[in-house]
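Colleague: As given, the protein sequences belong to chains A and B, one line each in that order.
Residues are numbered in the working numbering as their position in the first sequence, beginning at 1, plus a constant of 1255.
Residues are numbered in the working numbering as their position in the second sequence, beginning at 1, plus a constant of 1255.
These aren't lab readings, by the way, just hints derived from the structure by calculation.
It should be emphasised that the depicted structure is a prediction, and the values quoted were computed from it without experimental measurement.
Be aware that one or more of the hints could be misleading.
Any copy, or any two copies together, can satisfy a pair, since identical chains are not distinguished.
To be verified - As a list, the in silico DMTMM-like pairs of lysine to aspartate or glutamate whose alpha-carbon atoms are at most 25 Å apart:
hint, residue 1, residue 2
1, K1816, D1783
2, K1403, E1843
3, K1259, E1815
4, K1470, D1448
5, K1580, D1411
6, K1580, E1527
There are 2 protein chains.
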Amino acid sequence: MPDKFHRVVFEPDGRTLDVPDGQTLLEAARQAGIHVETPCGGKGTCGGCRVIIPQHTPEPSDTCREVLSGEEIRRNLRLACQVRVRRDLRVVIPEETRVGDQKILTEGVGRDVPLAPNVRKTVVRLPPPSVEDQRADADRLLDALAEKGMADLAVDVRTARDLPERLRAFDFHPAVTVIGNDVVHVDRATTGDACYGVAFDIGTTTLVAYLVDLKTGRVASVASRGNPQAAYGDDVVARIEYCGRDGGGARTLQRLVVGAMNEMVAEVCRREPIRRSVIYEATAVGNTTMNHLLLGLPVHAIARAPFVAATASAHSVGAREVGLKIHERGRLYTAPLVAGFVGADTVGVILATGMHDDPRLRLAIDIGTNGEIVLGTRERLLACSTAAGPAFEGARIRYGMRAASGAIDHVEIEGGRVVLHTIDDAPAIGLCGTGLIDAVAAVLAAGVVDPSGMMRPADQVRATSPALARRIVGADGEVGFLLAGKDETAGAHPILLTQRDVREVQLAKGAIAAGIETLLEEFGATLDQVEEVLLAGAFGNYIRPDRARAIGLIPCVPLEKVRFVGNAAGAGAKMLLVNRNLRHVAGEVARGVEHVELSQRAGFQARFADAMFFPTGVM
Amino acid sequence: MPDKFHRVVFEPDGRTLDVPDGQTLLEAARQAGIHVETPCGGKGTCGGCRVIIPQHTPEPSDTCREVLSGEEIRRNLRLACQVRVRRDLRVVIPEETRVGDQKILTEGVGRDVPLAPNVRKTVVRLPPPSVEDQRADADRLLDALAEKGMADLAVDVRTARDLPERLRAFDFHPAVTVIGNDVVHVDRATTGDACYGVAFDIGTTTLVAYLVDLKTGRVASVASRGNPQAAYGDDVVARIEYCGRDGGGARTLQRLVVGAMNEMVAEVCRREPIRRSVIYEATAVGNTTMNHLLLGLPVHAIARAPFVAATASAHSVGAREVGLKIHERGRLYTAPLVAGFVGADTVGVILATGMHDDPRLRLAIDIGTNGEIVLGTRERLLACSTAAGPAFEGARIRYGMRAASGAIDHVEIEGGRVVLHTIDDAPAIGLCGTGLIDAVAAVLAAGVVDPSGMMRPADQVRATSPALARRIVGADGEVGFLLAGKDETAGAHPILLTQRDVREVQLAKGAIAAGIETLLEEFGATLDQVEEVLLAGAFGNYIRPDRARAIGLIPCVPLEKVRFVGNAAGAGAKMLLVNRNLRHVAGEVARGVEHVELSQRAGFQARFADAMFFPTGVM
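Same shape as in the complex, but just chain A:
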């Protein structure tokens, strides 16, 4: 149906998005990486997603009339969940509607998850002891918690050690923090009920941290970093080699990633602002290698056939045991892994997209340094990992960078003109993942690059477009396409898409395409039978599905089947943080997924080589 798209511009930061006809504004905002408060999950009851539509304001729905005041309706406020996009629109998102940082796509598919965190904090009032009531302090506390419906808890020796003194200092009226079934902290009632968690997406190249208010489920703040382990190898195999058999290198890599995680914790705490001691739990998803390095587990058996992890289970460890600086009794939950290189990030993608619970045949592609692919229905799910490389996260690309202020995130060639958009509209610094996809799609469509990936000589291009031919220039011994001249950039250097950059994109998309073909074959399905293609990744902003299809990063399916779901792995980590019951589901998902090991498969290399060609005439 929605072959029709409308352009929506979100203010105040001008983020622009092509939205299929009939999509809600809330969904569009999420896809654009704008965090909107929706405690009700988009049902129109909470009124959290108020937006202003200054022109072409649609008639308010009944729900809007119920939730909003007459004054608000006159001021052109609407609920984003109630507005379906039927034409190009400019939408203003008020400050109170926005949540946190906009740089990282944090919402993903935004599935609704009931709020049931593993951490609970409450204030209780205990009857003081007497000769008639000699219950031990711990029992007194547990009985009071049970009266509030928090049963089956325990006070361990560590908590019991300062319990008598604290209960008496606080006149038997404390604030109590419970993680899982353990009472971990007793504090003055007046310290309030601030209770936070942090969800980490530990990528090979990119780290993302989401600070979540566990009282509401609201994402309070987001931070991201490059993974500092990248200095020791830009893919997992190189990192494992660096570790060596004695594990000395592994300790270095563990320290590095935890150091960056602590920096991100400090950053989100500063922004909220809160003390880190009110963060009681962290969850983390990552591929097998990232998981093992974080937990100090040996990695050498992962890198060589038959690619075996030490443990694929979820673990809950003391945060301090791995050096993570949250509450001193805080816990770190690491989600379970599938097998081989397919790790907890993939489990996160499945949870976030609901593939484990959907009768439709769906395909999810999580674009990272390892490209993970999941295919299947709730009856059967297959997964594989491909060595896509870090190109889409800015590494191995001449002017590559992460999605941050100044990154070129959109590229179009209109006529002979190159039209660029940068994050924050800042002077261009480099090219992030979405910009790279757009750039390749654009040069391909313009005939600057041929389907084999070869950049045509300026002479050949000049015949059709002299303007573009002028942009084909030499740079340090290789040829490149000039995206921005040095007068247009922040660094006063030109920004080019080089021949080698195009080759990196070919390698990445070739690996993914070959993986998809292999999974389809293994599943016994054809591409036509796939009902939805989900494109995920810790990109800083929105991938345009048409561009991804044009370069062959996703297979050639009708565009209405394609959905960009953002950082679905990170969304999974958040879901596991706000709802402890999903941890059982995660375990079942991890055990239930069939892992397809590509590297040892006859014919995979040939299929990979074939898949490196660009599609012709798709866009």
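Fit chain B to the given chain A structure using the hints.
Modeller: Here is chain B on its own, set in the frame of chain A:
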């Protein structure tokens, strides 16, 4: 029925015991503190309790004929569980039947407990990984264990850290140790299946350690020590005062008790002999103060009304966390407490005697530095703690000592003669608890001490017994009764029972008697309604119920109602070690018992003062 008693002499060490008519030899041996191998629990199927009865050999039972060879029957071997005592007997216990040390009464009531320890050790063979079978090492191991019926286990991060290397070093054929649901150790299959635990009875004055082979439930060895904390106060109140509010003293006391526990572990390991690294779990019972000092919990709220513990729950902590040197991943389980001073030792007594599961109204008296008393049926159990003092463990008694070689354990006055027995028939060194009870009972019966506890002047006694009058002598300004002259003792000094010693016994027995009265009143029962009186204590050997009754340590009930059950608290610790399911029962028992706080009870002091008088004409 059994108003008739027979004397049984156990060889080779001549231990003598008066046994009610009809009791089995196995029960008698246990009561005498002789450990006999009975893996079958006394059902006559294992043949472990072979004894030789040289004279008056009873006819072999059918079971004996089935289990023993004709040769053995001709050599007068019988199964101790099959022989009922109908006359005085001399019994030889062969070396292979005896287990471990004989000095400490370890068997208590010896209730049968199914062997279901919390520690399991097994050898498994895993299929090595392949590209077709990429299960993580931990999953591979857990699947193999599940096939052996050990399901729902987990491999934590700590175990997973060296799992890949170990599995490969041992060719995927390891010996696996599981504590609770956690795989804690993977070792070479050839290291075998040695798997031990140690049960501790942590008394205020006396410590006992039982090494138990968890493959069979057999008590392999026993050790005991005085509690070195005694240097800082001989009762719990004095120790708590020493701790002070800053807890500095508590750390000293914790180190001391753990040091002694480690010495006992070393001793039992040397005797078995095993390495301490094959001891995987310890259990401990102790009163509230001993429990808290062991676990490093604060004690100051225990000593003052309303006498509140920090925690009354059972805890399982890493043994290394408290400094206990068993396997580096070994656990220490501390049994739950009741309330006030009534601790896990009392829970142990209840479990061992089965009071929680018995319809009869029974009374248990656990004689220690705190005298704990339990009264009730399976419907309702009451417990209290009395400050009996350490007299029966040798402290505060002029020539007091623990039950060890050379301790006078039996005293009789026949005519004017004093007849002594010492442990190991060694030259006398001092007086242990049972000897003290005997000595007081004897001087009371002989009229040397009057019912008020006053030692009569020699002049008064001379009229009835000149020989005894000569034994009433002065010593360091107080009067005493000469038990052994200096030519009869190891230390070449006389051994006396002093006036002050008699007073200490009066204080102890008065406290206990007043406690019993209070519990009876609270329960609404009379002494006549009590169907059984159980006398327990970590004595080195057998208390004679008639003597205990004669001095009023137990109330005036018919002797057939009285049973000495030995170190029932320690027996409870052993039961909790060999059967993990009992830990739930222990929790229910601890929560179910009603604690009666004596110290705050109107009239208790008056009752106590009255109870200090000795009974007249009981023996």
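Colleague: The structure should be examined with respect to each hint, and the outcome stated for every one.
Modeller: Now for the hints, and whether the structure bears them out:
1. K1816 to D1783: Only inside one copy: K1816 and D1783 sit 10 Å apart there, 87 Å across copies, limit 25 Å.
2. K1403 to E1843: between (31 Å within a copy, 22 Å between copies)
3. K1259 to E1815: within (9 Å within a copy, 98 Å between copies)
4. K1470 to D1448: within (8 Å within a copy, 50 Å between copies)
5. K1580 to D1411: both (21 Å within a copy, 21 Å between copies)
6. K1580 to E1527: Answer is within: at 17 Å inside a copy they meet the 25 Å cutoff, but 47 Å across does not.
The structure fails none of the hints (numbered hints given earlier).
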